[in-house]
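Chain B: place on chain A using the hints.
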Amino acid sequence: MEVEKGKTFKYLREKRDVSQEAKDNLKSFNQIKKTILDLLKESDLTVDQLTQKIGMPKNEVVFYLMSLVKFGFVQTGAIDDMDEYFSYKLKK
Amino acid sequence: MQEQIKEASYDVLVIGGGIAGGEAALNLANNGFKVLIIEKDLSIGGKMILLSKVFPTLDCSACITTPKVSEISRQPGITIFTGSEVKKIIKKTENSFEAEVLKNPRYVIVEECTACQLCEQACPVVVKDEYQFNLVGRKAAFIPFTIASPKVAAIDIGNCILCGACEKACPPKCIDFTQEKEEYTIKIKSVIIATGFKLFDPLMIPRYGFGLFKNIITSMQMERQLAPTRPFNTILRPGDGKVPCKVAYVLCTGSRDATIGNPVCSQICCMYSIKQAQLLMGALPMADVTIYYLNIRSFGKGFEEFYEQAKGMGVNFIKGKIGRISEKENGNLILRYEDINENKVKETEHDIVVLSVGVIANRDAATLFPDEQLKLDAFNFINQTDPLASPARTSIEGVFVAGTASGPMDIPDSILSAGSASAEAMSYLIQNK
Numbered sequence: 012m013e014v015e016k017g018k019t020f021k022y023l024r025e026k027r028d029v030s031q032e033a034k035d036n037l038k039s040f041n042q043i044k045k046t047i048l049d050l051l052k053e054s055d056l057t058v059d060q061l062t063q064k065i066g067m068p069k070n071e072v073v074f075y076l077m078s079l080v081k082f083g084f085v086q087t088g089a090i091d092d093m094d095e096y097f098s099y100k101l102k103k
Numbered sequence: 173m174q175e176q177i178k179e180a181s182y183d184v185l186v187i188g189g190g191i192a193g194g195e196a197a198l199n200l201a202n203n204g205f206k207v208l209i210i211e212k213d214l215s216i217g218g219k220m221i222l223l224s225k226v227f228p229t230l231d232c233s234a235c236i237t238t239p240k241v242s243e244i245s246r247q248p249g250i251t252i253f254t255g256s257e258v259k260k261i262i263k264k265t266e267n268s269f270e271a272e273v274l275k276n277p278r279y280v281i282v283e284e285c286t287a288c289q290l291c292e293q294a295c296p297v298v299v300k301d302e303y304q305f306n307l308v309g310r311k312a313a314f315i316p317f318t319i320a321s322p323k324v325a326a327i328d329i330g331n332c333i334l335c336g337a338c339e340k341a342c343p344p345k346c347i348d349f350t351q352e353k354e355e356y357t358i359k360i361k362s363v364i365i366a367t368g369f370k371l372f373d374p375l376m377i378p379r380y381g382f383g384l385f386k387n388i389i390t391s392m393q394m395e396r397q398l399a400p401t402r403p404f405n406t407i408l409r410p411g412d413g414k415v416p417c418k419v420a421y422v423l424c425t426g427s428r429d430a431t432i433g434n435p436v437c438s439q440i441c442c443m444y445s446i447k448q449a450q451l452l453m454g455a456l457p458m459a460d461v462t463i464y465y466l467n468i469r470s471f472g473k474g475f476e477e478f479y480e481q482a483k484g485m486g487v488n489f490i491k492g493k494i495g496r497i498s499e500k501e502n503g504n505l506i507l508r509y510e511d512i513n514e515n516k517v518k519e520t521e522h523d524i525v526v527l528s529v530g531v532i533a534n535r536d537a538a539t540l541f542p543d544e545q546l547k548l549d550a551f552n553f554i555n556q557t558d559p560l561a562s563p564a565r566t567s568i569e570g571v572f573v574a575g576t577a578s579g580p581m582d583i584p585d586s587i588l589s590a591g592s593a594s595a596e597a598m599s600y601l602i603q604n605k
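Quick mapping for you: the protein sequence lines, in order, are chains A and B.
Heads up, my numbering is the position in the first sequence plus 11, with the first residue counted as 1.
Heads up, my numbering is the position in the second sequence plus 172, with the first residue counted as 1.
Hints were generated in silico from the structure; no laboratory data involved.
Just so it is clear, CB atoms sit at the ideal spot from N, CA and C, and this is done for glycine as well.
Among the clues, some could well be false.
[Claimed, not checked] Quick partial rundown of chain B residues pointing at chain A, CB under 10 Å, derived from the structure:
#1 Tyr279
#2 Leu290
#3 Glu292
#4 Pro296
#5 Asp301
#6 Leu307
#7 Leu334
#8 Phe349
#9 Lys386
#10 Ala399
#11 Pro400
#12 Gly411
Pulled out of the complex, with its shape left as it was, chain A reads as follows:
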């Protein structure tokens, strides 16, 4: 098979299947990302507030939220009066 530089993924796609786990993982992340970003469009939210709205364990919300901060979709906002919880907002 002739392989065109810049399109070599097609070569590997012919040779191996993408695992179902990887596909499911992507689907799940995209859904969670959309949900978090949609909620943050409405207002700045804390982890606790996001957890209540999404219905997902807090530690998972922290993981996805921090990943979205790392990838530049979300930024850290203000901390509450008790200096305990930050709010998070969309990065503009």
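This is chain B only, laid out in the frame that chain A set:
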């Protein structure tokens, strides 16, 4: 698998590209020997490159490691294979060995990657970032970490969905999914084993609740939170994103404990916990930090002063053995412990608990020599046959050990051990010319 097995020859094969392996390789190459470093990870630098600061000087770890790994990478006498593993080593003659090496594909042409990270931005897949000890995500097309060496992207093919987004985004078109595993036969005259150590897995102590209670973390997770390239904007509880106020350290987690099969002292957990406690008090000035210990072993140069400095800063030290950790509804943790000085069982509440995990032997090298016996000591570290006069010598002539592959030790001792290994290897090579 490529059909043709590639061949090459070097004076010394160094297994492991951590601080000990790198130092040993550099010493050898600076003296004119040709060295090959085999590193299983995607970057050299080992565990040290992931640390925040070093004890007792509180020098920036990256500021020490980065120039060192850069020097190792640029030294013309050193060849580095990352993402590679030694399958076996056969002693061919009295003074020569042959190693089978497997180089795993990175799916990126190392020489052409500019580390622009556009592939990372384009990649839609997010998985747990092992370099941040799973506290945050990373992409399937990724640069392992900011100061990785080589600073080159890699594709995590197990999690890649082969969408091609990374390839489309790559300006120099250096992503190459046609790469395959490569087998090498390497002829060498000597071997240095610098495979380092493994961290104790706290899941082996269920009564501590690690994994079950999300606000119990390991010392390496806290180390990452304290590093400049940290996963969060500040120190946070991974269980709910709260800024912790009361922090507890549990020393000797998986060390000095025959019940879990590791009776040896890690040599480092006292001092790195004291270091982290001091850094935490800088990062969170209002925080209470308590260290639960069995004995404080401040045996090295400046260590006792460092311990006294922590006490002076307000770190609480409680001589106590932790019996059990339980979780409250708000995510806070209750430590039930025996206060050894007061001879009482007590309970105290903390926001976050850091388990100061110990060091266990990395047994990867033990099976590399099918025709020879690489002896291990009682704790499965590589046995030093003459620890006083020839500390790098192993049970196989021409095979030397460097760093924590021979037992728990701190960074300065690892570097000293690497110096010893390189000096002994050089002496061996000169004598057997």
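Per the CB criterion, is Ala399(B) less than 10 Å away from chain A? Violated - the Cβ of Ala399(B) stays beyond 10 Å from chain A, reaching only about 14 Å at its closest.
Under the criterion of a CB-CB separation shorter than 10 Å, is Leu334(B) in contact with chain A as hinted? 5 Å, holds
Do the numbers back the hint for Glu292(B), that is, is its least Cβ distance to chain A under 10 Å? 9 Å, holds
Measuring from the C-beta of Leu307(B) to each C-beta in chain A, is the shortest one below 10 Å? 7 Å, holds
Hint status (Cβ of Gly411(B) to nearest Cβ of chain A, threshold 10 Å): Status holds, d = 5 Å.
Taking 10 Å as the limit, does the beta-carbon of Phe349(B) come near enough to a beta-carbon in chain A? 4 Å, holds
Please check whether Asp301(B) passes as an interface residue: C-beta within 10 Å of a C-beta belonging to chain A. 8 Å, holds
Just to be careful: measuring from the Cβ of Leu290(B) to every Cβ in chain A, is the smallest value less than 10 Å? With a minimum Cβ separation of about 13 Å from chain A (threshold 10 Å), the hint on Leu290(B) is violated.
Supplied contact hint for Pro400(B), tested at 10 Å Cβ to chain A: 14 Å, violated
Satisfaction of the Lys386(B) interface hint, Cβ to chain A closer than 10 Å: 4 Å, holds
With chain A as the partner, please determine if Tyr279(B) meets the hint condition of a C-beta pair closer than 10 Å. 8 Å, holds
Close enough to count: is the Cβ of Pro296(B) nearer than 10 Å to one in chain A? 6 Å, holds
The earlier numbered hints that this structure contradicts are 2, 10 and 11.
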